[in-house]
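Participant: Sequence:
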Amino acid sequence: MLLTVALAPLALVILLIASRRVSIMTAGVIGWLAAIAAARVLRGPVEPFIAWASTESAKGAWLAWQAVAVILAGLFFYRVLRRHEAHLFQAEGPVEAVSRGRVWAVCFLVGPFAESATGFGVGAIVAMAALMRMGLKGPGAAVLALYSQMLVPWGGLAVGTIIGAHLAGMAEPALGLASAVLTLPLLAGYLTLYWVFAGRLTGPVPIVQRVEDSLWTILLGSALWLANRYVATELGGVVAPGALLVVHFLLTQRPDRRALRHAATSALPFAVLAGLLIATRSIPPLTEALRSVAVLTPFADQPSFPVFYNPSFWLVLVGLGVMAATGRLGELPARLGETWHGGWRAAVVTLVFVAMAQVLSAAGAARLVGATLRAGLGPAAPLMGPLFGAVGGFLTGSNSASNGMMMAVQAALGNGLAGWTAALQNVAGSNFSLLSPVRVAMAAALVGGAGSHVQGADAQIYKRAWPVAVMLLAILLAEAALLALPH
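Under the working numbering, the residue at position 211 of the sequence shown is numbered 211, and the numbers go up by one with no gaps.
Treat the hints as calculated values from the structure; they're not laboratory data.
These figures come from a predicted structure and were not determined experimentally.
A few of these clues could be false.
Unchecked claim - Computed beta-carbon distance windows for the label pairs:
1) L260 - I218: 22 to 28 Å
2) A58 - A469: 17 to 23 Å
3) L329 - A474: 39 to 45 Å
4) L15 - L260: 52 to 58 Å
5) R367 - F299: 17 to 23 Å
A virtual CB, placed ideally from N, CA and C, is assigned to each residue, including glycine.
Construct the complete structure from the given sequences, taking the supplied hints into account.
Facilitator: Written out as structure tokens, the structure is:
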């Protein structure tokens, strides 16, 4: 009976989203209310329940704010750059020569870098525009543009991973590093399918090019691990593809002075942002100073919000700097309006899903579900991790929302392997958001270019991209099986 009550809010949300009859935001609100009702049954009449539910919901909202601040700031940064560097987001313009090395860089470096710096699927927009400038169009190009989502554990400066770490009771660096380890085999899977997808657009990829792509992908995986180990979780998806992008551009394009100046100008806002964030996290006196000034701590058992240390402050600061440098500060009200219009739904979705997770976790629902599954499945319990994560990511299209739905259960599921099961949730939810209806619909809207719509583009993309789902699930289940082996 109690197990059914504990699972009911999650099951209800899954059914509502899968029905496509209500929005993800509405499903989240209903799920939060259902979680409160379930908590009433699970806890019993122990204390003033309304006060308890209000406090736990407020704690969830506060935890969600850690991500919402970065989501809105990242969207503001993106809106500013759309005006300052519009060519990065436009498919129109002179057609560039197709270079297989450049196509790989767009899919594995440019798109993931843009997604990691801003979030919101911006990486897919940048990648699709770059592919279309090379004359690669249609649903096949849209599938490659979705490769921009392969590093979503670090998307939007890793907001979903940071929320997941708090929900799992882990340190952020630990979850980031474990997620990087689990991502390494996925990069090999993505590369194998990339050769198939790219071959359909440009012709069979030669062996020499495959060797070159493999070496660059190995470097990307290594850089991702190093960035999470020695820099910061928030910067894993910025530093790794960003640094390699510079090296790849210099070695493969051999730009002249004019091209180098143009590239440097385009990259300057990203470089300044990355440099500031690296400095704030790698210079101990600066780190301590920023983490001790203007610190908001409404709940003793929840993370603080150091205003000047949080990535959202630096996203806004660099965005304002770009506007000032280009004489566009007068456009600030318009950019703020665009930011709110484009971001409030994502903010509410994040808030209600994390609030739901906090209520269920505080009521003991996650522990109950995890203990029951461990008792029933024994050592095989971690095999459920990728499945839960895949469902959450596919349905919500958001790492933050997926972790809000599933992370507490996943952490309870792992018992002695809680850190790894949490990482499985984080990686599975992130990667399956690539195939979510939300992301595929966005890619379909880009297929025609210039805002036109191609009838049935969603179905055509799914028809081509289904091997990605098979690859992801196979590798993630294999990783879960290794974790389930006796140690």
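Participant: Against each hint, give a clear statement of whether it holds in the structure.
Facilitator: Each hint tested on the structure:
Between L260 and I218, the C-beta spacing of about 27 Å keeps the proposed range 22 to 28 Å intact. Between A58 and A469 the Cβ separation comes to about 37 Å, which falls outside the hinted range of 17 to 23 Å. Here the CB-CB span from L329 to A474 is close to 51 Å, at odds with the stated 39 to 45 Å. Look at L15 against L260: about 54 Å separates their beta carbons, and that is inside 52 to 58 Å.
At roughly 21 Å, the beta carbons of R367 and F299 sit within the given window of 17 to 23 Å.
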